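J.: Letter by letter, the chains look like this.
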Amino acid sequence: MKGPIISGAIILAGVFIFLKFILPLVTAPLPASLIYLYLALALSGIMIYGTMSAPSLEAMMGPIFRFLSGKGQTGAGQMARLAVLVMFPLLVGWQTYSRLVPSDLPPAENRTIHPAPPGEFVGLSNPYPKTPENIMMGKGLYAAYCSPCHGANYDGKGPAAPGFNPPPANFSDPGTIAQLQEAYLFWRIKKGGVGLPVEGMPWKSAMPRWEVELPEEFIWKIIMGEYDGAHQSPRTWEEEEE
Amino acid sequence: MLNGLGSLRTLSIIGLFGVLGFSSAFASEPPASDEPGSVSVRMYQLEGSLPSEDPNSSQWDTVPGSEFNLAPQVHWPPRIQEVTVKSVKVKGVHNGQELVILVEYADPTEDAADAAALEFMVGDKPSHFAHGQEMLQVEGGPVNIWFWKNESGKAVDMSAKGFKTLETQPHQDVQAKGVWQNGTWKVVFSRLLKTEDGQDVQVEEGEWRNVAFAFWDGAVVDGLVKEKGGQKAISTWWYIRAEPSADNSVFGWVILGLVLAAAFELVIVRKLRKGQSV
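Chains as they are written, first to last, in my numbering: chain Y, 1 to 242; chain G, 1001 to 1278.
With the rest of the complex left out, here is chain G (with noise of 0.2 Å):
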């Protein structure tokens, strides 16, 4: 009844089992994170128009948020002690073609040079969320700078790769707009989840790319402007995605993975049964 072929197929078989057993017993999650607040913001998908221009839009309110802690830049100088935006809360959204992006900050005056900035990796090389500074044993990438300040009202594209080499540029993707109420900015940026300029970051739905922000109180104290250039309120890297739509093509492989088991099962059966070896 057991000759050597029929040896191998059984062994395929209990393989097979054995595999499938033990990879289910230890199929584990990635640990959870113990650390305080949030570590990505989710861009959800809706369907038509982008609350684009509308930082009070209803819309927001049905998407969940993130919040992130900031910190007085105190990386590279200059360097400044005390920031006024301790941390922002974060939303976003994406149609499958355009994405918007919501932060809401603290900052009790508004003023003329209120500015923030969303950064972003571009490309494959990883980069240093300082304006993608040089590393010393990695290579890394340039960074895609959304700015936008209270006076000008409107939104900047820019790239950077090291310190002094932050350039607005040639071609201007982004738009912003930013409405100050009691106390709170709420700014939204918008763009293409794609663009055609190799100088900023391409969002592809369901991937994660990184993300920072950096947040300016344009108070002026003493005559001078409370924040500006490197004094700000920084975040380091974050994650980001734009939410994929659901894939029911899973569930076909599913039922594709039921149906070639039981037939598998049934052969094995209708041998065994037939007093073949397997």
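Next up, chain Y with everything else stripped away, as it sits in the complex (with noise of 0.2 Å):
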């Protein structure tokens, strides 16, 4: 079983199993057009090299024109010739039903769930020192303010929660506030939904601008509070220069 074709076949297949199953598990999946689109490069290559000169393009496509027009074909052969034969027309009908057919499916979102900050926002820190009082403070605001939809339990489980979509943050969950600095919570709290950029849906987003109902101290420590209720601790500089 040799030829150019099996090598192709046995390349293909390697560089699929490499980009699916085992780059995983050094880094995330890749999507699946990515897969494709390394494969259809991977397929030029291999078309590249088998038509570079007349014999290595008569070994590549001489099995393949040989095959399908079955010249001194018998059994197996045949069957398989015709099974291409068939199958080639059907796949072709099959793919304009599945192009042309109206989707079903209300729009995927793709909504950015932690949009970058504008400017004037990052590198902020918090100017009240983390005394218990101040964060005392910050978690009775929290509950007046935050707890209808964030929850008592800074869960995101909050009695409002339920009727919202997208859903309040969860900051008990690690991958929110903890992955978070202080002045990106202050960006969303002061500037609420409606201050996120377009890829963050400002249109469904229920969060109140908070800077017209309170002032700015009681925005850093409702951070403090929920930091400290949620059992999370804030992304600082120090760590990202880590």
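Do not rely on the hints blindly, as some may be mistaken.
Keeping only pairs whose Cα atoms sit at most 20 Å apart, straight-line, the calculated DMTMM-like set for lysine to aspartate or glutamate is [claimed, not checked]:
| no. | chain 1 | residue 1 | chain 2 | residue 2 |
| --- | --- | --- | --- | --- |
| 1 | Y | Lys190 | G | Glu1134 |
| 2 | G | Lys1149 | G | Glu1053 |
| 3 | G | Lys1125 | Y | Glu199 |
| 4 | G | Lys1154 | G | Glu1167 |
| 5 | G | Lys1274 | Y | Glu58 |
| 6 | Y | Lys139 | Y | Asp228 |
| 7 | G | Lys1125 | Y | Glu109 |
| 8 | G | Lys1164 | Y | Glu211 |
| 9 | Y | Lys71 | G | Glu1265 |
| 10 | Y | Lys130 | Y | Asp228 |
| 11 | G | Lys1089 | G | Glu1053 |
| 12 | G | Lys1154 | G | Asp1173 |
| 13 | G | Lys1271 | Y | Glu58 |
| 14 | G | Lys1164 | Y | Glu213 |
| 15 | G | Lys1089 | G | Glu1067 |
| 16 | Y | Lys157 | G | Glu1082 |
Here chain Y is said to cover these stretches of chain G; the calculated rule only asks that three of the stretch's residues, wherever they fall, bring their Cβ under 8 Å from a Cβ of chain Y [what the hints assert, rightly or not]:
| no. | region |
| --- | --- |
| 17 | 1128-1139 |
| 18 | 1229-1240 |
| 19 | 1264-1275 |
Now the in silico label distances, taken between C-beta atoms and shown as ranges [to be verified]:
| no. | chain 1 | residue 1 | chain 2 | residue 2 | range |
| --- | --- | --- | --- | --- | --- |
| 20 | Y | Ile64 | G | Gly1037 | 49 to 57 Å |
| 21 | G | Gly1065 | Y | Pro132 | 48 to 56 Å |
| 22 | G | Pro1170 | Y | Pro215 | 41 to 49 Å |
| 23 | Y | Ala54 | G | Val1259 | 29 to 37 Å |
| 24 | Y | Pro174 | G | Gln1181 | 47 to 55 Å |
| 25 | Y | Gly140 | G | Pro1077 | 13 to 21 Å |
| 26 | Y | Ala32 | G | Val1063 | 31 to 39 Å |
| 27 | Y | Ala32 | G | Ser1049 | 43 to 51 Å |
| 28 | G | Leu1192 | Y | Ser125 | 52 to 60 Å |
| 29 | Y | Ala143 | G | Asn1182 | 37 to 45 Å |
Keep in mind the hints are simulated off the structure, nothing from the lab. All values derive from a computational prediction rather than experimental measurement. Glycine residues also receive a C-beta, built at the ideal position from the N, C-alpha and C atoms.
Bring the two chains, given one by one in their own frames, into a single complex with the hints.
T.: What follows is the structure in structure tokens.
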């Protein structure tokens, strides 16, 4: 079982197995579209290599042409050729159908949960010291203004939460405020949902624009109370530098 | 047998096989939502007249519905922490000309100030669900609100683009009728799919639009109406569409694809059998 066709197939299979199953062991899984792109590039390489000279072209395409022409074929060969000739139009028909049939699903939503903040909010630090009094005040403000949605347990399960799409953030989840700096929370609380950029889909967010109701001091102390109550720590510049 | 032009053709054939094969193998469905509840309202197509005057019509039993959780309005003052209406069931039908939407929700008492509203984005710009309020980094569009109140017994066609901009439209296009029975409100809203009014949401068959809901329990507690104005049960945006008519032209294109592919094969095989390059 030698020849450029078999070799090409083995290379393609190898590339697929590497991208689909081996690479995810060391990094994030690749999207199917990217795997497809890499396979198409690999196929192009194989085709270019196989058509570099007349003998290599004959070696690669000759068996395919002889198979398709059906000359001298018997038994299993004939059946395989017939299957290919029947399958190809069916595949084209199926592709035509799946491309043209109207989608029955609502539009997919690629909402960015933590979009980049405006420049003026980058690098701000909490001007209030983390004293027990300030944290206590922050927790009190949180209970009054934030807990109806984000929950008394900081878990995003406040009494108003089930009605909102997207749901309120769960601060006890290590994937939310623990990944963010205090300055980011300051932006999100101050400007609210309407302050999000387009990729954050601000038109869907029920997060109030608290700057119209609360002084900045309250917002910074709420941030303190949030981290303490959710048993999380803000991401800091020191960690970034490490 | 294999000249330069033949090679190009060969590459085209192999490429076609390859693209078809790979794209089939990697054709993936969008991920299913793991959120509870519905994400959309489908207005199913019915022949003839619609139950636009009758929330209890047996026609409603023939179509599936959706259900959405509601939240107390805590987004902007005046807030409310506890509301009566916790969820709403929604059904929709259309006949290519007119649409009717039925909302059904629990409210233990019938009160004059009980009210329900549907809100839609208008145009192509996204509008904030809270009356199309201003967004700081995105230019938003207006909203169209269909408001029904028990004491008036009719719908009001309204527009807003930002807080304190809510106004009754000069041209009214919406009708509504509500029936309260055994602790449940059923309210039907009806309108033409398309109107001449630029302030209205325009509904194109098969096109997804955005819809949100709001409900007020008008019960009087200690001399005051329990829920009014901004104090109400709300949802954020969900999807709605008028289901399109069956499009049989797809099957025509499929047959054309089959015929072309078979003809393509025939030409290739004939050439190969004659010993010509392809």
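J.: In ascending order, which of the hints set out earlier in this document are inconsistent with the structure?
T.: The structure breaks none of the hints.
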